[in-house]
Every structure is written in structure tokens, then in C-alpha cells.
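S.K.: Heads up: the protein sequence lines correspond to chains A and B, in order.
For the first sequence, numbering that gives the first Met the number 0 puts the final residue at 214, and the numbers step up evenly by one.
For the second sequence, numbering that gives the first Met the number 0 puts the final residue at 292, and the numbers step up evenly by one.
Treat the hints loosely; a few may be bogus.
[Stated by the list, open to error] Derived pair list, reagent style EDC-like, types lysine to aspartate or glutamate, alpha-carbon separation capped at 20 Å:
no. : chain 1 : residue 1 : chain 2 : residue 2
1   : A       : K171      : B       : D246
2   : A       : K115      : B       : E161
3   : B       : K27       : B       : E93
4   : A       : K115      : B       : D246
5   : A       : K171      : B       : E161
6   : B       : K61       : A       : D105
7   : A       : K115      : B       : E112
8   : A       : K11       : B       : E112
9   : A       : K171      : B       : E93
10  : A       : K115      : B       : D63
[What the hints assert, rightly or not] Counterexamples of contact, computed for chain B against chain A with all Cβ distances above 12 Å:
no. : residue
11  : R29
12  : N33
13  : K61
14  : G81
15  : R89
16  : R113
17  : M116
18  : A230
19  : S251
20  : S264
21  : W291
[As the list claims (entries may be wrong)] Simulated coverage check for chain A against chain B, where a stretch passes if three residues somewhere in it have a Cβ under 8 Å from a Cβ of chain B:
no. : segment
22  : 166-177
23  : 185-196
Everything labelled a hint here was simulated from the structure, so no lab data went into it.
Idealized CB from N, CA, C, for every residue including glycine.
Here are the chains, one letter per residue:
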Amino acid sequence: MTVTQRYRWLWKPLVFVAALTPALLMLAGAFGIAGRRLGADPVEALLLTCGKTALNLLCLTLTVTPLSKLARLPQLLRLRRMLGLFAFFYVLLHFTVYLVLDRGLDGAMIVADVAKRPYITLGFVALLLLLPLAATSTQRMMRRLGRRWQSLHRLVYPIAILAVWHYYWQVKRDVTEPLIYAGIVALLLGWRLWHRRRRTPVTSTYGSATAPERT
Amino acid sequence: MGAAALGAVGVAGTAAGKAMPEATALAKLRAPRNARFVADETQTSFEDITSYNNFYEFGTGKADPQRNAQALRTRPWSVTIGGEAGVTGRYTLEDILKPHALEERVYRMRCVERWSMVIPWVGFPLADLLRRFQPTSKAKYVAFTTLHDPRQMPGQRAGWLEWPYVEGLRIDEAMHPLTLLAVGLYGRVLPNQNGAPLRLVVPWKYGFKGIKSIVAIHFTERQPPTSWNLAAPDEYGFYANVNPAVDHPRWSQASERRIGASLFSATRPTLPFNGYAADVAGLYRSMDLRRWF
Ligand code: HEM
């Protein structure tokens, strides 16, 4: 198999199934399939699982470029779009659970939440910033936007920071986990700064660190 | 029978424990239901009540207390009574409980984190206990302390709160007929993760006021410090009355999720004083509840 075939028929389907698994498990839990339960507080469980999975996928998306460079595996970039879109998918689910199941579509309360609660404001801004990225994730948009596509998609850096900050602020007391995520995001973004500073334009073998996926 | 028997049967409760205790592993208590104090709502299941807990002494995750509290030794246990009272001293749990007849009361419990349960407690009014120690006219408040023993309570090795956990009530709140000292739930001895062997239940206040595994009760003239208030004074007040109109700085308190309800009907409006306004609103008549949250 060529690299392209291997990615099309093996790696991409594998990553697809892996990224969809948390959603399938939540679905099974919600409907009691295969004896699964969402626990004592099912709405909270869905909210937290979606939020955590979104954050995990966001971090994974940001790991693709550094890993492809360090491991000299440029083809890894082919997986990046799918990971990014799945992160967006879980943010949307997270938001929907919040709107419908947790706040019961109470418009006044939701507006007040977004306006007054800093952690919800941060999450909401992150969600808004993700929209243009998802909308311009197709090949066609990539070609149409050209260089501007790259600049636009650098929005993922502030999104990651907002997401971790959002997590940190909603925790009641034990901030261990949000701090671990903060460390991971700092590492991933720090690597880019360091890499950009060090890089001389011609020696870059794989194109820019943020090059769009080419298939 | 009743409370007097608890000392003996309680041993069975603690011995039950390495694995997760099934309801049947906990000793039964005889406690007739007090019909005056029964919330007419679907009771939360024993499984949910005993597996979804905030008890930071055993970890900050909701499942941590069930996992980590089983080794807690609740016998022998003693409670120190002190401060502004005619009778003070250190008493065994058996002495504390002996004169009191146990009863069952079904109360709503509203956590400050926006979830709620309906729990059939077994216990007796705190007022009955306090009167035995003859509080003086200087006793304006009652302060409670949880056991401090990091070997048994692994969460106390972390610094998320100052240990030991402390709580307090104004004396009129403490003497109110709704205020309960609980020793059991669902007709059985209190599981360790729910605050065995002795815990406070104040149904019109947020759950964190319900201090668990009590080892000291003091009558004081000044308002005593309380753990969550010390940790974040702008977020958790001394009074902590359930109030849908006063938001937590980081989230609205206008609604809550009922534990064990179906996914699509879990969220319900929160009631002033958790639905006990008719009984307790009078205690706060002249107070600005926004200021004294
Ligand atoms: C990029 C976007 C977002 C990400 C990555 C994200 C991620 C997270 C994470 C990781 C948590 C904590 C989960 C845990 O404690 O295990 C969380 C909690 C939460 N998020 Fe988000 N979130 C995002 C956007 C939003 C938006 C737009 C809203 C609503 C407007 C929202 C509402 C909430 C709420 C209410 C909680 C608290 C759950 C609770 O403790 O009850 N999030 N989020």
C-alpha cells in the first residue's frame, strides 16, 4: 500500500472510530445499552465527558505538527483536520448538553450565564472562535484562502488557552487537572515559539509548522 | 432499642467494610417515620446517595468517599462538648446517643454545586441533644468539628481545605426543630462516606453546612469560623441558606439537577430555603439575605 492508501483505508478509519468512541459510550449510557450507566448525575456526566473529550482532542490536534516534525513523519498531518473537527463536534455536544439538558433552554438564565460568569464567557468565546475554523476546514476553502488560511487557523492557539482557562475557573477547589492541561498546552505552544525562532526558512523540510493538510 | 442499640449494632456496620458496602451489610436501625417531616417526593436511591458524595477528607472526586472511607473506624468514637454550657466534657458516642429515640425524616438536600437529592435520614433533633448540656445565655452559636486524622482520612494530606473541617450555626438555627443529627439513612447505620457515625443535617441550607463525622460541639459567644467560608469568603457565606435569588459568583443557583431523575427531566427550579421557607424564613426576617449569603 502507498502512504496515501494506508492513510485512507487504515489510519483515518482507526482515528475516526477512536474519536467517536466517547460519543458512542455516552449514547449507550444515556439509553442503558449494554448495561452502561451515566451514574448518579447523568447531565453532569455528559457535560464533563464532552468537555474533557473536546479538550483532549484539541490538545491532540495541537500535538500533530510537533510530533510530525520530531518523528519525521510528515504524513501525520493528514490526521490533523479530522482531530480538529472532532474537537469541534464535542464542543458543540458540550454546549448542547448545557443548553438543553442542564439549563432546560431557559433563555434568560443562559444569557445571564454567558454575560456574568467568566468561565462560561470564556467557553463561549472559544466556541465562537472555533466556528470559522470548522467552516474553512474543507480543501476548497483552504485553496481559496491560500496564505490567509494559515493565519486564520492560528486562532486555535488562543482557543486552546481559553479552553484551559475555562476549565480552571469552573473547578471548585482541586485545580490539579486543569493545571496539568495548562502545562500540556504551554508545552505545545511553547514548542511552536521555540521552533519558529530557531527555524531558517529554507531548511524546513515539511513546509510551515501550520501547513494545511495535503492529500 | 433505638439509639441505645446503635453502639452495639454499629460494630457490624464498620466491620462490614472493605469492599463497597451493600445496604444489607449495614446494621438495621429501628426508627419510626415522623410524618411531619416527610418530603413527598421520589427518594433518591440508596446506591446514588452512597456513591455520589462530597467528603473532601476522602478525596475531591464524587466517587472517592465511597472508595476511601471504608477503613474509617467509627467505634470507639467520642464527642467533646465544650464552651458556654453548664455541662461539658468528653462523651462516648453511646453516651451521646442513649437518651434519644431515633426517627426517620425524608428531607431534600441541595448542594451548592447545583445538584439535589431526597434522603430518608435516621436521627434525632439536634435541639434535644444541646438542651442536655444546658447552654448558657452567652451561647449565641454552636460550632462543630470533624475528626482530624490524616492516616484514616487521606484527603486531609492535601491542602484544598484547612483541616479539620469546621462548621457552625446560630443557636436559634441549631435549636430549630428541622435541624437533625443523623446516624443513619434508609433505615440502616450511616455509611462511612455519608459522615458516620454522626453528622449534621440542616435541610434549608446548602449541603456543605451538614458537617460529617463530628467529634466536637462547642457553644460560643461569637460566630465560629466555617471551612468553606475560610477557603473562599466571597463564594461561601456563614449562613449558606438555599436561595435561588442569590447566585454563586460563578454559577446561577436558580435551578438544580435532581440526582437519579431521567436525563431530560433532571433540571428543576430551586426553591427559597430549599422548600422549607414556611418553617424557617422567620429566623431571618430582619436580614438582608444578599449580604448574609
Ligand atoms: C472550546 C470550547 C470548550 C471546551 C474545550 C470546554 C471544556 C470544558 C471542560 C474540560 C470542562 C471541565 C470538565 C471536567 O470538570 O471534567 C468544562 C466544564 C463546563 N463547561 Fe465547557 N468547554 C468549552 C465551551 C463551553 C461553552 C461554550 C459552554 C457554555 C456556554 C460551556 C459550559 C461548561 C459548563 C457549564 C461546565 C461546568 C460543568 C460543571 O461543573 O457542572 N463550555 N468545559
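S.K.: If a hint holds in the structure, say so; if it doesn't, say that too.
M.R.: Hints, one by one, checked against the model:
1. A:K171 <-> B:D246: It holds: about 15 Å lies between the C-alpha atoms, which stays within 20 Å.
2. A:K115 <-> B:E161: 30 Å, violated
3. B:K27 <-> B:E93: Cα-Cα ~16 Å, so holds.
4. A:K115 <-> B:D246: Between A:K115 and B:D246 the Cα gap is close to 10 Å, so the pair holds against 20 Å.
5. A:K171 <-> B:E161: 15 Å, holds
6. B:K61 <-> A:D105: 27 Å, violated
7. A:K115 <-> B:E112: Given pair A:K115, B:E112 holds - Cα atoms ~17 Å apart, limit 20 Å.
8. A:K11 <-> B:E112: 40 Å, violated
9. A:K171 <-> B:E93: 37 Å, violated
10. A:K115 <-> B:D63: Violated, at roughly 32 Å.
11. R29: Answer for B:R29: holds, closest chain A Cβ roughly 28 Å.
12. N33: About 27 Å separates B:N33 from the closest Cβ of chain A, which puts it past 12 Å; holds.
13. K61: Nearest chain A Cβ is 7 Å from B:K61, so the label is violated.
14. G81: 29 Å, holds
15. R89: Given a closest Cβ separation of 32 Å, the condition holds.
16. R113: Check fails; 8 Å does not lie beyond 12 Å.
17. M116: Incorrect as stated: the minimum Cβ-Cβ distance to chain A is 9 Å, not above 12 Å.
18. A230: Per Cβ check, B:A230 is inside 12 Å of chain A; nearest 7 Å; violated.
19. S251: Incorrect as stated: the minimum Cβ-Cβ distance to chain A is 6 Å, not above 12 Å.
20. S264: With a cut-off of 12 Å, B:S264 comes too close to chain A, as the shortest Cβ separation is near 9 Å.
21. W291: It holds; B:W291 is separated from chain A by about 21 Å at its closest Cβ, greater than 12 Å.
22. 166-177: This one holds; 5 residues, not fewer than the three required, reach chain B with a Cβ under 8 Å.
23. 185-196: Our answer is that it is violated, as 0 residues pass the Cβ test (under 8 Å) against chain B, missing three.
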